[in-house]
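Read off the chains here:
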Amino acid sequence: GENVEQHPSTLSVQEGDSAVIKCTYSDSASNYFPWYKQELGKGPQLIIDIRSNVGEKKDQRIAVTLNKTAKHFSLHITETQPEDSAVYFCAASKAGSYQLTFGKGTKLSVIP
Amino acid sequence: NAGVTQTPKFQVLKTGQSMTLQCAQDMNHNSMYWYRQDPGMGLRLIYYSASEGTTDKGEVPNGYNVSRLNKREFSLRLESAAPSQTSVYFCASSEDGNSPLHFGNGTRLTVT
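From first to last, the protein sequence lines are chains A and B.
Numbering-wise, the first sequence is residues 1 to 112 according to the working numbering.
Numbering-wise, the second sequence is residues 113 to 224 according to the working numbering.
Just so you know, the hints here were simulated from the structure itself, not pulled from any lab data.
The reader is advised that the hints may include incorrect statements.
Computed footprint of chain A on chain B, listed as stretches where at least three residues anywhere in the stretch have a Cβ under 8 Å from a Cβ of chain A [claimed, not checked]:
no., stretch
1, 129-136
2, 139-152
3, 167-173
4, 215-221
Listed below are the simulated EDC-like cross-link pairs for lysine to aspartate or glutamate, each with C-alpha atoms no more than 20 Å apart in a straight line [to be verified]:
no., chain 1, residue 1, chain 2, residue 2
5, A, Lys104, A, Asp49
6, A, Lys42, B, Asp150
7, A, Lys94, A, Glu39
8, A, Lys94, B, Glu207
9, A, Lys37, B, Glu164
10, A, Lys107, B, Glu185
11, B, Lys126, B, Asp138
12, A, Lys71, A, Asp49
13, A, Lys94, B, Asp208
14, B, Lys169, A, Glu83
15, A, Lys42, A, Glu2
16, A, Lys42, B, Asp138
17, A, Lys58, A, Glu2
18, B, Lys121, A, Glu39
19, A, Lys94, B, Glu171
20, A, Lys37, A, Asp17
21, A, Lys107, A, Glu5
22, A, Lys104, B, Asp150
23, A, Lys71, A, Glu39
24, A, Lys104, B, Glu171
25, A, Lys94, B, Asp138
Here are the in silico distance ranges between beta carbons for each label pair [what the hints assert, rightly or not]:
no., chain 1, residue 1, chain 2, residue 2, range
26, A, Leu46, B, Arg220, 38 to 44 Å
27, A, Pro112, B, Ser163, 42 to 48 Å
28, A, Ser9, B, Asn182, 38 to 44 Å
29, A, Pro112, B, Ser130, 44 to 50 Å
30, B, Lys126, A, Glu5, 21 to 27 Å
31, A, Val20, B, Leu181, 22 to 28 Å
32, B, Met153, A, Pro82, 36 to 42 Å
33, B, Glu171, A, Glu39, 20 to 26 Å
Note that the structure is a prediction, hence the values are computed from the model and not measured.
We put the beta carbon where it would ideally sit given N, CA and C, even for glycine.
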């Protein structure tokens, strides 16, 4: 089955700096790569996703890049703010699949 | 719109007791899921229902049963709870496979 590795497990940045979280996946048939943000005591919430026919996608301060050859994808957050502090999860799944495989998460702390 | 609603929010069980976790969605989604989240383990899929009337095993189905009661509701049952089932349980829904998941806020279960 699919295996998703996520790094780093914790990340601290100064407010206004950029944060990058990286994930690798094992199944070359995977074609859907979402990112979720989880705040304390709440369920994960989708922040951005990318499909394998696209190399990069942006939404304001958030961007995701995908390298299909190397089987890795990354989340980039620019101009970080304290409200960006949360746990972030990457995930991967194959076309037609209902099984989304998650990474183990990255706890991001933005220091004011 | 409430989105995905889970009940109860908290539960404490003794080993061997049974209980049912309830989940309902009001987004007219076809697919529903149950995940468990353990520290350092990310989210792991227990069972899913691709559409009303169908259910399938995920990554960690042992010790659980599910029922897709109708299009809105998907319940998770623990017949004989074990301490290893202490976890946070999340229900999610999506339009179909390989599409964004919408999560509830979780049920925190402790088995003593």
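Practice prompt. Return the numbers of the hints above that this structure violates; sort them in rising order.
Written response: 1, 7, 9, 10, 11, 14, 15, 17, 23, 25, 26, 30, 31, 32
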